[in-house]
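Asks: Chain by chain, the residues:
Protein chains: 4
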Amino acid sequence: MAGQRKLRMGMVGGGPGAFIGPVHRMAAELDGKIELVAGAFSQSAERSRAAGDAYKIDPDRAYADYKTMLESERRRPDAIDFVAIVTPNHLHLPVALASLTAGFPVMSDKPATATYEEAVELEKAVAKSGLPYGLTHTYAGYALVREARAICGDGQLGRIRKIAVEYLQGWLTEPIESTGQKQAAWRSDPAQSGLGGCIGDIGVHAFHLTEYVTGLKVVGLNASLLSVVAGRKLDDDCTALLRMNNEAQGVLMTSQIAAGERNGLRLRVYGEKGSLDWRQEDPNRLYVKWLDGPEEIRHAAGGYLSHDARAMTRLPGGHPEGYLEAFAALYSEFADVLIAWQKSRKSEIPPTLPGIEAGVRGMRFIDRAIESSRRESWIEF
Amino acid sequence: MAGQRKLRMGMVGGGPGAFIGPVHRMAAELDGKIELVAGAFSQSAERSRAAGDAYKIDPDRAYADYKTMLESERRRPDAIDFVAIVTPNHLHLPVALASLTAGFPVMSDKPATATYEEAVELEKAVAKSGLPYGLTHTYAGYALVREARAICGDGQLGRIRKIAVEYLQGWLTEPIESTGQKQAAWRSDPAQSGLGGCIGDIGVHAFHLTEYVTGLKVVGLNASLLSVVAGRKLDDDCTALLRMNNEAQGVLMTSQIAAGERNGLRLRVYGEKGSLDWRQEDPNRLYVKWLDGPEEIRHAAGGYLSHDARAMTRLPGGHPEGYLEAFAALYSEFADVLIAWQKSRKSEIPPTLPGIEAGVRGMRFIDRAIESSRRESWIEF
Amino acid sequence: MAGQRKLRMGMVGGGPGAFIGPVHRMAAELDGKIELVAGAFSQSAERSRAAGDAYKIDPDRAYADYKTMLESERRRPDAIDFVAIVTPNHLHLPVALASLTAGFPVMSDKPATATYEEAVELEKAVAKSGLPYGLTHTYAGYALVREARAICGDGQLGRIRKIAVEYLQGWLTEPIESTGQKQAAWRSDPAQSGLGGCIGDIGVHAFHLTEYVTGLKVVGLNASLLSVVAGRKLDDDCTALLRMNNEAQGVLMTSQIAAGERNGLRLRVYGEKGSLDWRQEDPNRLYVKWLDGPEEIRHAAGGYLSHDARAMTRLPGGHPEGYLEAFAALYSEFADVLIAWQKSRKSEIPPTLPGIEAGVRGMRFIDRAIESSRRESWIEF
Amino acid sequence: MAGQRKLRMGMVGGGPGAFIGPVHRMAAELDGKIELVAGAFSQSAERSRAAGDAYKIDPDRAYADYKTMLESERRRPDAIDFVAIVTPNHLHLPVALASLTAGFPVMSDKPATATYEEAVELEKAVAKSGLPYGLTHTYAGYALVREARAICGDGQLGRIRKIAVEYLQGWLTEPIESTGQKQAAWRSDPAQSGLGGCIGDIGVHAFHLTEYVTGLKVVGLNASLLSVVAGRKLDDDCTALLRMNNEAQGVLMTSQIAAGERNGLRLRVYGEKGSLDWRQEDPNRLYVKWLDGPEEIRHAAGGYLSHDARAMTRLPGGHPEGYLEAFAALYSEFADVLIAWQKSRKSEIPPTLPGIEAGVRGMRFIDRAIESSRRESWIEF
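Chains as they are written, first to last, in the numbering used here: chain P, 30 to 410; chain F, 30 to 410; chain H, 30 to 410; chain U, 30 to 410.
Careful, some of the hints might be misleading.
A pair counts as met if it fits within one copy or between any two copies, since identical chains are not told apart.
Calculated lysine to aspartate or glutamate pairs in the EDC-like style (CA-CA distance at most 20 Å, straight line) [claimed, not checked]: (1) Lys262 - Glu386; (2) Lys262 - Asp82; (3) Lys262 - Glu276; (4) Lys85 - Glu64; (5) Lys35 - Asp87; (6) Lys35 - Asp60; (7) Lys153 - Glu203; (8) Lys302 - Glu203; (9) Lys85 - Glu310; (10) Lys85 - Asp107; (11) Lys372 - Glu100; (12) Lys157 - Glu409; (13) Lys302 - Asp183; (14) Lys35 - Asp183; (15) Lys85 - Asp60; (16) Lys35 - Glu276; (17) Lys375 - Glu152; (18) Lys35 - Glu64; (19) Lys211 - Asp311; (20) Lys262 - Glu301; (21) Lys246 - Asp94.
In short, the hints are calculated from the structure, not lab data.
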């Protein structure tokens, strides 16, 4: 009976040495709604099999390539319910298209594709397929990001006038891509990563978080992309001024050469009456400041939080939840979408769950940021 | 083949309305080594079955009581590999004894038993059985608690001279046990909780963390236990002076009527050369101060951390891990113990994983604190 | 015309090498109501003169000893308006008595005297003289300590049930008194410091802050005083349980061997409805937590603060004020008392300004803590 | 004998209702080297006299206007030693010129003048006069800003590659200039403030801090200035990309409509080996991060700090110093310059003390930022 059993996930990518594959596995399974049962974990059959062993799945379901996986799974009575895509960016589109064509819903790592044009193509394919498609903009799964979104959404801050979003990392301070570090290598290779380096890897998260929380849309931008480390092929540092559709201005700052930073995503939103401040490395607190009145710290699991925020926590206050739990929240929402779709064959992505629309906007952002930087001027979004 | 498949867990307790049952399920499964397959989740057969459905396990393995579970599982070819005990405290002993008798290793929630005498009895039973027994003192699973332990262990602070440990919660500020709140009701009922209230529920965590990190042993104490809320049957606030086996003095402060606090466990250790400071609500940072030199913040996943600390993280720096991940670390270590035991039939609990010895000391601590408070004086541990 | 000119201060103590003398000078003069014009800065005439030069006062008014100062100043038309006492503790009483006898109001560093008996004697002398007497319990001058006091005073927290106060320093971690460090030498010498070491130097501040903020009185205590550093003559570490006059319990922890700590005074007060938390090293923020609702950070100079708190700040929000400003607030209040007294000859110390009553209670606290520790038991205050 | 007496300060501006006048008085006098003895505190003779009374100076020296002050003081044997200028910006130049012409050194509030052209004019006048001229860029007086400067100066971070500086206030969130708030009124009036609003009031501090700490110079910028509040005549929000003379890029963000912010000045500097982070509202800590190694918190008064940083503190570690103390540090350095100049007639401003060169660069920055914003493009500095 639908909903009684766990949903079955097939993963593409995530083989030995991958960072994000195990993360997807842990996140998908955390809330007890999903289990990993199959995968094409590597482009090497041998490595895929090794990954399957590590994940402790049935050896028969550790496939040599994703096409075989789709083909084989379609014929099984206990077929996978959806495909999770965790490959480097350039494979996002072909795997997603093949999955949809084979009738499988898709949960994809971000960015949605390698280029804006691909994203538009994918959007059409998703629409045509009628299948659920989700995008793991992880940070949207934090309880206090949901709280921030609720605060903006119901006008507590008054009109939003200023946004400051930053995402600072330091792990590419040195040219480690030339030393064989796998994560660095593909991310700084245009053939695998697309045209964006830092802007595509993390800038797009900052962009998404901005639109997600404020409910506003970027309508223009003026970006400056730099390759600070000599010899690097893609940008590793980016600043962009953003013009929002309500005339608010935003400043987006992102870098992977910010020596000493770890994963410093932070969003500040200023309205007429107050402001909010959320930091990913301290994710269970949301700071809310008012023109007149004490600053507030809203804590995860507080009984006073919005419904959307309370729905995101599994534990009582003071028991920290983190990155995996935020990631899991997206999988949990996606599982609910799948279950409903399996019953009704209608795919309805709730506004809290990033989907293909967010994917298209993200790719548009990367595209426009590169173009603005090339022109050294403001351009329309 | 052992080690290839996931280990199978049977749970006792953790039915509808429970807090800690789902936590054990998530923690046990997080690292992909264990799966929940059976349980006696409630003393009501109907509620146990409902819990089994919620956990999405085979309905045949949602048992009406733990004795039936042990009996039935013993006969299955795909029997559970161990029992997880997540009941109220008064059931810890009988379930553990029955499990061991039936040949199943045990992973138990803390405290080990309801009384010190029971703990001694259990210790003997564990020894006699030769089976692995683990105790989920969750906080021992945090990476930076391991770092703190390593710092003390290799003498970086010099001789330890002062310890300040506190564990402050506010959720029992009002007499909610009389309003039907289930968590509060059993914790404040001596028949289910044992003789300790706050001291048994969270004080024992603070005690364990102290000995675990410092490597020292409490040899004497002077405790003051209070029932601050009128009509409460057990203590809800406790302070104890501790005398350690190296003559260091400790101050242990714990409360459940500290209005506004969530889960404020904090340990500070002062040596001749410096000190350390860890706070559970900010678990990915360890503050280390030196007599002469800048204060340090050691971050989870830092390449400079001790081996023990680095072994505890799944994610790169800046991607917060929390309570569930700490909990999972204990299950992951326990799984490794089980796998080794299944091969060798030798049960070797590593010193980083709390076992029955920690359980006996914890119960002794509760017992001695109550006695010291009654006498209003120092007593031997 | 009274109030038009600055009040003239004569200082006893505070010569070369002193820490607290220059602090008193800066604090007294900060708000433009007082100027240092005379002093007996050292028991050496030569050193007193050198100090006078450093303070840039009239060389004729840098006296060889305090008796000469009092005698000479009495006869001047531009005589000092009051005496500031900044000597080691054992001189507090004789200088205060001589000053009062000579008709000069007194502003004294804490503790009021070297023993409880002396404090009682001084209290009588102050009463008899009818002269203003102030005591520089510095921390009472912080704006947010005043806010905390106001919060407790008007019952916002409900009945207070638990207090945790700590004052941790690390500068006596090593036996620096035996290496000629002047500050350490007199503080660890019973002949100059009195019977209390750490308890008298900083414990008394923690005690005062507790009673000052909560408005409660200690009625019983159980203290444990240690001399952790071998060979030290006085205590360097102290923990005390406090019983307050409303049955609340307090924990007071103070140390000067807490390696790595600087000046860690912190007060937490827990009531039925919420709690507050103030930390001296972050003095411009007061954390207020509620049973149900977001945590608050109240910032210095906030328009929403109590009148008493707003009266303590000189600068707009976000412009940090610190230790000297808190100290200055006490001198400013004392100046207002003096001006009123000069007009009316009535000495009225406002409840916000520590005076001889606070001095007597502080000495009683030191006395009782030593006695309780000696007996290893609870005693009446 | 020079150096024995206090230096005498005459103030222009700082009458009733002023914020910065009393600040200059407190800061100038804090270290016991300077005393306020004269002033032309207001353009109203009556108000100037009232201010003189409040400052408790000789009524004869509370002048009706600055020209009279300069004239009268020149003839006194106890004449002022220098003039402190604390007027609205448009008066900085005429008062400075008149003071220099009359032979008086000048300590001026920032910005140096109302326009860049005026600053160039003033620079020439200072050079011609041979008199000391100081500029109170307050934040340069913090101990840990000096530490940051020392860290950059000796190459600890390697080549600097990225700078992020921000200065966020919220007090102009609403159009309070139209409600009679005096501070807001003159700051948003081009006739009194010059062409810069937020950029001139606080942006210039952020600019100065950047060059001061890093030792780098801005050579190009791309700024966006906004008047967010309807009807406001000057900018109240500004973002600028900065190109430094070593090719590093900077992001400068400043606002006075950041609702809920107080005085949020923060500087982050990223080099090849590590980074530093200083926040004005938490001024006694400097965070230093390394590519490989624990994050450091350097605390004010730490024995491990650079000589320049240690020279800036008056109190032991843990005794917070704040805005007034930073301000005082500049006055203290200026006093030393004056004393040396009085002996040698050579004016030598040390590199740590902002002078007219900093003033000219600051005005150039404001000028260039306005021009860049008008053109919507990068321009040379």
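Asks: Look at each hint and say if it fits the structure.
Replies: Going down the list of hints, with the structure as the test:
1. In the homo-oligomer, the alpha carbons of Lys262 and Glu386 never lie at most 20 Å apart, since the shortest distance is 29 Å inside one protomer and 40 Å across protomers.
2. Taking the closest pair of Cα atoms, Lys262 and Asp82 never come within 20 Å of each other, the shortest separation being 36 Å inside a single copy and 53 Å across copies.
3. Proximity of Lys262 to Glu276 under the C-alpha cut-off of 20 Å is restricted to the inter-copy arrangement: shortest distance 18 Å between copies versus 34 Å within a copy.
4. Proximity of Lys85 and Glu64 under a CA criterion of 20 Å is satisfied in both settings, with 11 Å inside one chain copy and 11 Å between copies.
5. Taking the closest pair of Cα atoms, Lys35 and Asp87 come within 20 Å of each other both inside a single copy (16 Å) and across two copies (11 Å).
6. Taking the closest pair of Cα atoms, Lys35 and Asp60 come within 20 Å of each other both inside a single copy (10 Å) and across two copies (18 Å).
7. For the homomeric pair Lys153 and Glu203, neither the shortest alpha-carbon distance inside one copy (40 Å) nor that between copies (46 Å) is at most 20 Å.
8. Taking the closest pair of Cα atoms, Lys302 and Glu203 come within 20 Å of each other only across two copies (9 Å); inside a single copy the shortest separation is 43 Å, beyond that limit.
9. Taking the shortest alpha-carbon separations for Lys85 and Glu310, neither the intra-copy value of 32 Å nor the inter-copy value of 33 Å comes in at or below 20 Å.
10. When the C-alpha separation of Lys85 and Asp107 is checked against a cutoff of 20 Å, the pair qualifies both within a copy, at 17 Å, and between copies, at 16 Å.
11. With identical chains, the CA atoms of Lys372 and Glu100 are never at most 20 Å apart, being 23 Å at best within one copy and 39 Å at best between copies.
12. Taking CA atoms no more than 20 Å apart as the test, Lys157 paired with Glu409 passes in neither setting, with 29 Å inside one copy and 52 Å between copies.
13. Taking CA atoms no more than 20 Å apart as the test, Lys302 paired with Asp183 passes inside one copy only; the shortest distance there is 13 Å, against 29 Å between copies.
14. When the C-alpha separation of Lys35 and Asp183 is checked against a cutoff of 20 Å, the pair qualifies neither within a copy, at 36 Å, nor between copies, at 46 Å.
15. Taking identical chains as interchangeable, the C-alpha atoms of Lys85 and Asp60 lie at most 20 Å apart whether they share a chain (19 Å) or sit on different chains (11 Å).
16. In this assembly of identical chains, Lys35 and Glu276 lie within 20 Å of each other by CA distance neither inside one copy nor across copies; the values are 46 Å within and 55 Å between.
17. In this assembly of identical chains, the alpha carbons of Lys375 and Glu152 lie at most 20 Å apart only when taken from the same copy (17 Å versus 57 Å across copies).
18. For a Cα distance limit of 20 Å, the shortest separation of Lys35 from Glu64 qualifies both inside one copy, at 6 Å, and across copies, at 13 Å.
19. Within a single copy, Lys211 and Asp311 get their C-alpha atoms no closer than 28 Å, and across copies no closer than 31 Å, so neither meets the 20 Å cut-off.
20. With identical chains, the CA atoms of Lys262 and Glu301 are at most 20 Å apart between copies only, with a shortest distance of 19 Å across copies and 42 Å within one.
21. Taking the closest pair of Cα atoms, Lys246 and Asp94 never come within 20 Å of each other, the shortest separation being 38 Å inside a single copy and 55 Å across copies.
Checked against the numbered hints above, the structure breaks hints 1, 2, 7, 9, 11, 12, 14, 16, 19 and 21 and satisfies the rest.
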